[in-house]
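In order, the protein sequences belong to chains A and B. For the first sequence, this note's numbering assigns the number -10 to the initial residue and increments by one for each residue that follows. For the second sequence, this note's numbering assigns the number 3 to the initial residue and increments by one for each residue that follows.
Just so you know, these hints were derived from the structure itself, not from any lab. All clues given are correct.
With a cut-off of at most 30 Å between alpha-carbon atoms, the simulated DSSO-like pairs for lysine-lysine come out as follows:
no., chain 1, residue 1, chain 2, residue 2
1, B, LYS54, A, LYS207
2, A, LYS73, A, LYS334
3, B, LYS54, A, LYS370
4, B, LYS54, A, LYS331
5, A, LYS89, A, LYS266
6, A, LYS102, A, LYS180
7, B, LYS54, A, LYS89
8, A, LYS331, B, LYS32
9, A, LYS268, A, LYS207
Sample of chain A residues lacking proximity to chain B, with all beta carbon distances greater than 10 Å (derived):
no., residue
10, LYS89
11, TRP151
12, SER358
A few chain B residues that face chain A, going by a derived Cβ cut-off under 7 Å, partial list only:
no., residue
13, VAL22
14, GLU26
15, ARG29
16, GLU34
17, MET35
18, LEU37
19, PHE46
20, LYS54
21, SER57
22, GLY59
23, GLY60
24, GLY67
25, GLY69
Computed from a predicted model, the values in this text were never measured in an experiment. For each residue, glycine too, the CB sits at the ideal point set by N, CA and C.
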Amino acid sequence: MSSKNNVLAMLGVAATNLVATQTAAIEVAEEFQFGLRHHSYEEEGLPESLGGSTDRYDINVNQFSIISPLSEKFDIALTYQHEKMSGASPWYTIMGADEKPVQIMSGASIEDKRTDASAKVRYVLGVSSFALTAAVSDEDDYKSESFGVGYVRESVDKLSTWSFSADVSNDDINPVDADIYTTRPNTEQSKRSTSALISYSHILNKNTLLQVGAGYSKKTGFLSDPYKMVIANLALIGDSRPSRRYAKTLSSRLRYFVDASDSALHFDYRYYHDSWKIKSHTLSFAWYQNLPMNFQLVPSVRLYSQSESFFYDVFYSDVRADGFYSTDYRLSEYGATTYGLKVIKAFDNWSITLSADKYSSGGSTGFASESIENPALLDFKLVSLGFDLHF
Amino acid sequence: MKKILLVVCLGFLSGCVSTVEPWERGRFTKNEMQLEPDQMGAAFKRHVYFSKEASSGGTSTAGGGCGCN
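Okay, chain A solo, but in the shape it has when bound (with noise of 0.2 Å):
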């Protein structure tokens, strides 16, 4: 090839990522993006359980996803999420032989069904974009519907980019067999969730992007788990939190392209605190491979570790002047690691995706040193299947 041929094929690479970096940068969707999951999500049954069964929630999920032009600065995003669940749920604990806390099961296993739906609208005006969403959420015994707006700024050389997002939730709950467990309310309860989130993200160099976020929500309202119970003063009462917890989060993602490996990597962090004393860390990193033949290879890990809210306790000895009480394995102090592994094939214009995920969690995992651990501490498998489609 010639010299001049050689300049005129470097100026051609130049324009090609200039075209598609500003893709990749805010504009309206170009192209009609049809996605959809299938996930089977099944958890290890506990090693023992007085009544009540030892199995766990085994849950299917269908998941859709449509994104669409609508004109020239507008698009929009669809969401559509069923989810069909069953298996016995975590009652409450009582003290066991040995000073070892034994779990009591729900008595039956519990069938039931979740749909979630979603509808992002999108305007795109120059370096900026503004979005509103609106999303639903129904079960037999919990309604929720939210709304949400965001923005999104670059810069004009398309190096950083601010975005700013907020949204309110409100929650009707009304337990099942409120008749029949009279620790369950039996009127409907209300929950109101509001939350915002603003993030910078800069290409460090021609491999880096690094993108720093802080968050913060808050929660009021009924905020126990009405299907929890706890002994406490020889008596079996509901599971009882505070009706007001606020939460902070710090965060960070950096992604890195190895030229010489072809390759991709993923670190993310995030710092959280709320207002029930939990501290949590989660560590994520993952490994994007190209291979031949338009395949990838995504091998991750996650670690996660909290600390207990300041109300939690394995088992209740003593009567609490707050009134508050759980025994929920979520409250308390756990550590977890979640191993993954993902197959993509891409064909021209749409891909496969096939993935597996493994979660382990303990009492002493990570930072976690729980001195008596919860015994409805979970793992999980998760199987997921999907393709995509766009033109």
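Given the coordinates of chain A, work out where chain B should sit on it, guided by the hints.
Then chain B, alone, in the frame of chain A:
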């Protein structure tokens, strides 16, 4: 100690930052370099972790609740 750590981090980041011309940004158009290459998978996992752990948020607003948490 925190100030020293901050200075070290800023020093590290300033060493990483360089002017990136438009024709050098091709890597950022690759799907694997997006913050969320698989938005559907990421959204579902957020929902799972929101249901099974005490903490949530950080990369998106809270959205609606569900009976799972």
